[in-house]
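2 protein chains.
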Amino acid sequence: MPDTEQQSVGIVQTQRMHFAQPLALRSGASLADYELVYETYGELNADRSNAVLIAHALNASHHVAGRYADQPDNVGWWDNMVGPGKPIDTRRFFVVGVNNPGSCFGSTGPMSTNPETGRRYGPDFPVFTVEDWVHAQARLADALGIERFAAIMGGSLGGMQAIAWSYLYPQRVAHCVAIASTPKLSAQNIAFNEVARRAIITDPDFHGGRFYDHGVVPTRGLQVARMIGHITYLSDDTMAERFGRLLRGGAGYGFSFDAEFEIESYLRYQAEKFAKYFDANTYLLITRALDYFDPAQGHAGDLAAALAGTAADFLVVSFTTDWRFSPQRSRDIVQALLRNGRDVTYAEVDAPHGHDAFLLDDPQYHALLRAYFERIAEEVDAGQTATIEAIEAIEAIEERA
Amino acid sequence: MPDTEQQSVGIVQTQRMHFAQPLALRSGASLADYELVYETYGELNADRSNAVLIAHALNASHHVAGRYADQPDNVGWWDNMVGPGKPIDTRRFFVVGVNNPGSCFGSTGPMSTNPETGRRYGPDFPVFTVEDWVHAQARLADALGIERFAAIMGGSLGGMQAIAWSYLYPQRVAHCVAIASTPKLSAQNIAFNEVARRAIITDPDFHGGRFYDHGVVPTRGLQVARMIGHITYLSDDTMAERFGRLLRGGAGYGFSFDAEFEIESYLRYQAEKFAKYFDANTYLLITRALDYFDPAQGHAGDLAAALAGTAADFLVVSFTTDWRFSPQRSRDIVQALLRNGRDVTYAEVDAPHGHDAFLLDDPQYHALLRAYFERIAEEVDAGQTATIEAIEAIEAIEERA
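First to last, the protein sequences are chains H and U.
Counting from 20, one number per residue, gives the positions in the first sequence under the numbering used here.
Counting from 20, one number per residue, gives the positions in the second sequence under the numbering used here.
Certain hints may be false.
Pairs count within a copy or across copies, as identical chains cannot be separated in the list.
[Unchecked claim] Listed below are the simulated SDA-like cross-link pairs for lysine to any residue, each with C-alpha atoms no more than 25 Å apart in a straight line:
(1) Lys-292 - Met-36
(2) Lys-295 - Arg-348
(3) Lys-292 - Pro-91
(4) Lys-292 - Asp-89
(5) Lys-295 - Val-353
(6) Lys-292 - Asp-108
(7) Lys-292 - Arg-158
It is worth saying that the hints were derived from the structure and are not from the lab.
One chain only, chain H, in its complex shape:
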């Protein structure tokens, strides 16, 4: 067993980039004068060909790996995936994590001050789509001098962003890695999002999204929203195994509406924790971006047509017990790509943990990612060798001249 600490990227620092040029959005609105926070791990190689972009899902951030000097317990959300010797090996790759605009972890979002009014944006923050986020990420890549990513990768909503990159910027993505994702939300998915949003919006402390001005937080709504979400992240099997019908107090029922079952107290605890750090307007905004994602929409429902312009190689991964975005959704992506003659690797991982499996370190899953990124690293090395050979050839010609 390798020492876990040795495999960590260690202490990391969040960086911040300012964008003065307004970002035009799909809705017709635009975001003026915004900032993105991001983190990087590893070193960008000489020909800038080893960059990997990690896109986050609903409640994650740019803090993908490592820990902060002043917050040693705040470990990145995909720390088991990214680090020296890990599936995405930071000794070989330059990994970029970025917090999307509209989120609540440091990039410009509903909690930020609207330069036009001097007040917090709140409900005036524009509605973002997955494609809008990709355009914002592309600008960050420009600023970092990354013309083409070795891979763009994400799970769930992050996978949607990776897919959107593949059709919005086909020449900038060598490999697209979409895990536990879907080409569009189902009616049931939208329904769960809608209930969560109703819980937030109808909380009297929401104040139409201007709760910042009232010094309150719609805690009750956020908690209910989180509980609903959490249920859909876990498989029925995992819940049965971890909690079953276990009672907190031991053997007997309390004949009350208090948290008597372990699953009740677990959900309440998760919800309370979440409501302390997550922004309610961000919850609305991100769930709406999920609802809206549907690349086939502009192509009469034909996903293959929507993905016709892609040029990347693809890795698509699903989990057998994921009932939020089931394997069939990933198969739909694979079929649409194959119809376009793309190079696709597809794996349906037999893991018990439901949608959340993409964040966990199932051995089969991690072995797969490790092997796939090993292949990418070899391509990067080969490309670098080719570049070095080309430079040497030019130098030799110049010397002869």
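Following the hints, complete the assembly by docking chain U onto the known chain H.
Same frame as chain H, but now just chain U:
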């Protein structure tokens, strides 16, 4: 095609029965001086052997079939199942529908006045279990002079009551019909109930269950609770077919958090309708009864042991697309009964409608129920003939004497 109106039980009247003797509950509490409302359809035969009890689920009532003279649109919730010529043929059976105590359709419940305080019960109404409801129903049966039911039947929570009858009063149930039911809730089932309860309890208009005294109703919480429940009643397939990603306004997104998708507006409509007639304390109470139902609990988790004392014949029905109480749960019941040598008929109906299928008139499902109740009717007829022959024999002996 038979005329639907001819197959209706027609105009029905709700009846009311007063119980002066306190009802001792499983929690140790008791309910003093209560009333039950009920309806009956058809005629009780001479030897009182053709009675069928229908137990209701979360949001239904004693109004099983027919309509009221002054509310012609208020059709009973299982009107497609119960009536002349329908699967439960009221020309042959005497059908009883009863509203359980704690519910909000006329029987004593949280909205009723507590005789001890002169105030509405609200949160002081005792917590009921499925078994407590069965004891209350048994008292009603006593008062109606029904010693033994030809069948006790219910779907979902109603099926749990039918099962509870079979082990609490084995000699009083000839046939137990449990549809879309389960021997216990899973952690995921309890989790959904808990979120619904949190939405209600944390609504500031709930006032700890004393909202009646404040002249308000926790509408927001009830609506969110109903939306969550509703999602679990429908199958993913049904939602996809009925709503998919259809937009209300037509082609384009509105880039807002309004109801844009048809599924959003459908859920909001259902929720608004529900919150107008359903009592918040009742919602808590009934979901808790669901959570608590677990006959195996008192038998070290052995369901077969819990059902060892049953004597009825059983019909167990599940639906392939029901993900709330999946067919596996029904199979668990069947296996426990078979281990006790019971006579069990089991059907897994291939219907697309999820948990709600038990309320719909899928032809295969209704044909099955019709055939099963035809068999019961024949047993009833045979028993009656035997009784009449016995009476005639006694009369003949008396005449000779």
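Outcome of the hint check:
1. Lys-292 - Met-36: So Lys-292 and Met-36 fail the 25 Å test inside a copy (29 Å) and across (49 Å) alike.
2. Lys-295 - Arg-348: neither (33 Å within a copy, 38 Å between copies)
3. Lys-292 - Pro-91: Within one copy only: 18 Å inside, 50 Å across.
4. Lys-292 - Asp-89: within (20 Å within a copy, 52 Å between copies)
5. Lys-295 - Val-353: neither (39 Å within a copy, 46 Å between copies)
6. Lys-292 - Asp-108: Close neither inside one copy (31 Å) nor across copies (55 Å); limit 25 Å.
7. Lys-292 - Arg-158: Classified as neither: same-chain Cα gap 33 Å, cross-chain 48 Å, threshold 25 Å.
Of the numbered hints stated above, those contradicted by the structure are hints 1, 2, 5, 6, 7, listed in ascending order.
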